[in-house]
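For the record, the sequence lines run as chains A and B. Numbers 1 to 251, taken from full-length UniProt numbering, label the letters of the first sequence in order. Numbers 1 to 319, taken from full-length UniProt numbering, label the letters of the second sequence in order.
Check the hints yourself; a few may be wrong.
[Said to hold, decoys possible] With the Cβ distance kept under 7 Å, some of the chain B side facing chain A (calculated, not the full set): (1) THR48; (2) PHE50; (3) LEU51; (4) GLN73; (5) TYR78; (6) GLY82; (7) PRO84; (8) TYR86; (9) ASP88; (10) THR90; (11) PHE97; (12) GLN100; (13) VAL231.
[Unchecked claim] Straight-line Cα separation of at most 16 Å, EDC-like style, residue types lysine to aspartate or glutamate; simulated pairs: (14) LYS26(B) with ASP150(B); (15) LYS249(A) with GLU81(B); (16) LYS256(B) with GLU238(B); (17) LYS248(A) with ASP56(A); (18) LYS135(B) with ASP164(B); (19) LYS75(B) with GLU121(B); (20) LYS182(B) with GLU3(B); (21) LYS168(B) with ASP195(B); (22) LYS249(A) with GLU3(B); (23) LYS248(A) with ASP54(B); (24) LYS245(B) with ASP195(B); (25) LYS249(A) with ASP54(B); (26) LYS110(B) with ASP150(B); (27) LYS16(A) with GLU66(B); (28) LYS168(B) with GLU121(B).
None of these hints come from the bench; they were simulated from the model. Using N, Cα and C, we set each Cβ at its ideal position, and we do this for glycine too.
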Amino acid sequence: MNVHSRFLHTISPIFKREFSAYFATPLAYVFIVIFLFTMGAFTFYVGHFYENGIADLSVFFAYHPWLYLFLVPAIAMRLWADERRTGTMELLLTLPVPLWATVVGKYLAAWAFTGIALFLTFPIWLTVNFLGQPDNGVILASYIGSFLVAGGYLAIGACMSATTNNQVIAFVVSVVVCFLFTVSGSPLVLDVFRAWAPDALVEAVASFSFVTHFTSITQGVLDLRDLVFFFSLIALFLAANVVVVDLKKGG
Amino acid sequence: MIEIEGLTKRFGPTTAVAHLSLHVAKGEVLGFLGPNGAGKSTAMRMITGFLAPDAGRVTICGHDIETETNAAQAKIGYLPEGAPAYGDMTPRQFLTFVAQVRGFRGAEAKARVAAVVEKTELGPVLEQPIETLSKGFKRRVGLAQAILHDPPVLIMDEPTDGLDPNQKHAVRGLLRAMAAEKAIIISTHLLEEVDAICTRAVIIDRGTLVADGTPAELLARSRYHNAVTLVLSANEAEAAVARLKTLPGVAQIDRKPLGDSVRLTAFPKGGALLIEAVSALASRENWRVQELYAEPGRLDEVFRAVTTSDAARAKAARP
Chain A
1 MNVHSRFLHT ISPIFKREFS AYFATPLAYV FIVIFLFTMG AFTFYVGHFY
51 ENGIADLSVF FAYHPWLYLF LVPAIAMRLW ADERRTGTME LLLTLPVPLW
101 ATVVGKYLAA WAFTGIALFL TFPIWLTVNF LGQPDNGVIL ASYIGSFLVA
151 GGYLAIGACM SATTNNQVIA FVVSVVVCFL FTVSGSPLVL DVFRAWAPDA
201 LVEAVASFSF VTHFTSITQG VLDLRDLVFF FSLIALFLAA NVVVVDLKKG
251 G
Chain B
1 MIEIEGLTKR FGPTTAVAHL SLHVAKGEVL GFLGPNGAGK STAMRMITGF
51 LAPDAGRVTI CGHDIETETN AAQAKIGYLP EGAPAYGDMT PRQFLTFVAQ
101 VRGFRGAEAK ARVAAVVEKT ELGPVLEQPI ETLSKGFKRR VGLAQAILHD
151 PPVLIMDEPT DGLDPNQKHA VRGLLRAMAA EKAIIISTHL LEEVDAICTR
201 AVIIDRGTLV ADGTPAELLA RSRYHNAVTL VLSANEAEAA VARLKTLPGV
251 AQIDRKPLGD SVRLTAFPKG GALLIEAVSA LASRENWRVQ ELYAEPGRLD
301 EVFRAVTTSD AARAKAARP
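Work the whole structure out from these sequences, hints included.
This is the structure we're talking about:
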């Protein structure tokens, strides 16, 4: 067996179980409905999609990081907190599977679920194509960017979920940490640093902003630096997730 | 097959398990006894690789649990405390998940699941969410996932907890049937269970091994071992006590009124056999004996003698 198929062999049952767990309870359906409803409400009522008279989806995507800020931690909060509370964590971690595979499998399941929710926004893409001639390349890039933002929040949320057996705490802490990553490019945060820090540090803090990277992708440019940012952030938080699960098994 | 050397685990200032060493061979069913909080579950969590020990090592079928964790875990079937399972899944989905994680695919996974469902009699509830099942069925779902891959080593934390007497009997039968080919550790605080299935019993108290032997050897440590109990009418009791005291092997006599009758228990000196002398005496004296039997020993008494109550432990732990 080569490395690739062994990887899938190990992860796929974990992935499948986690993924179907979303649909075993009303959680998935409730989430998807709320997700689509808020996306629509923000696009049409707050973003004035029709009144703008422009055939593109920029107002639609502009709200994604802010909606994800609350919706994605809701998806992530149960990932580990629930396993710890019900004791299934002991069962899961005594099965002959490396811990990293369990962490990645669960994460990918949650990410795939947000992918489905995002995919179900396609009517708005149909609408805009019906109304005019949008740049579908830009829209595709924006969808990819949106999916990456969700993935970033999700990695943070999964890691925070592993620190507690209480889903509410996991949710609140995730929202706070995700918020810091969202606003780190805004004047609100940067002005605090500008007063005393060298420019390099201010730049570094700004570069952690999800919004900055996402905005550059929604211009239609899938820059390698933005991709590297999201993937390394995800990898970092998944690695932290492994460490947290390992350290907190006893308590 | 299970080798445990100097296993130690501390949680802050308290030592949950201290220098525990055990070897369990194929064919042995080891009963792991101890009061609640003695460190049984902590020890099992280290043996199965869930918790990392602070010191010591565990080897399962030649695989070190810390350095070759997954190879060792593949040899273990583990029923954690409380038999946790995913409540939103049905037993079929859950067992199929465990089978797949353990590397079984397609038809083989199906066959494995079907086999354990049969063994644990889960058939009637196979399609109901686990969270809706009774305690007995939940426990058997946990048992089923542990034996699904026919592991050479079984570690079970209170496998019969919450089962009714019929279910307990069935589970013990299941374990006995597998015992010859496996090394099994079960934790329990049901002392009758030790008698029923264990070939060996260890008692731990405050994380330390305080007794280790076959159930018969542990019984031999009881004050009641080889004691003789007889029940006779109250008016004969006085004379009987006086006569029993004259027997050379008798150390002490307990009496306990039972309505019109009295139960006398004669304890032997140094575990000597008393039954023959007592029964000869009884027939010589023409006592109207209602009951007369030799005591095998009482495990609960041994248990109490070598362990401490949780209140006493809490008191001792206070600075």
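Results for each hint:
1. THR48: holds (5 Å)
2. PHE50: With Cβ-Cβ at 5 Å, under 7 Å, it holds.
3. LEU51: Holds, about 6 Å.
4. GLN73: Holds. Min distance 4 Å.
5. TYR78: holds (5 Å)
6. GLY82: This interface hint holds because 6 Å falls under the 7 Å limit.
7. PRO84: holds (4 Å)
8. TYR86: holds (6 Å)
9. ASP88: Cβ of ASP88(B) sits 4 Å from chain A, so the hint holds.
10. THR90: Violated, about 9 Å.
11. PHE97: holds (5 Å)
12. GLN100: Because about 4 Å separates GLN100(B) from the closest Cβ in chain A, which is inside the 7 Å limit, the hint holds.
13. VAL231: Status violated, d = 48 Å.
14. LYS26(B) with ASP150(B): Distance of about 14 Å is within 16 Å: holds.
15. LYS249(A) with GLU81(B): holds (14 Å)
16. LYS256(B) with GLU238(B): Holds - the C-alpha atoms of GLU238(B) and LYS256(B) are around 12 Å apart, at most 16 Å.
17. LYS248(A) with ASP56(A): Violated, at about 47 Å.
18. LYS135(B) with ASP164(B): holds (10 Å)
19. LYS75(B) with GLU121(B): violated (24 Å)
20. LYS182(B) with GLU3(B): holds (14 Å)
21. LYS168(B) with ASP195(B): Distance ~13 Å between LYS168(B) and ASP195(B) Cα, so the pair holds.
22. LYS249(A) with GLU3(B): violated (23 Å)
23. LYS248(A) with ASP54(B): Cα-Cα ~15 Å, so holds.
24. LYS245(B) with ASP195(B): It is violated: about 32 Å lies between the C-alpha atoms, which goes past 16 Å.
25. LYS249(A) with ASP54(B): Distance ~14 Å between LYS249(A) and ASP54(B) Cα, so the pair holds.
26. LYS110(B) with ASP150(B): Holds: LYS110(B) and ASP150(B) sit about 14 Å apart, inside 16 Å.
27. LYS16(A) with GLU66(B): Since the Cα atoms of LYS16(A) and GLU66(B) sit roughly 28 Å apart, the hinted pair is violated (cutoff 16 Å).
28. LYS168(B) with GLU121(B): holds (13 Å)
Figure legend: structure checked against the earlier numbered hints; hints not met, in rising order: 10, 13, 17, 19, 22, 24, 27.
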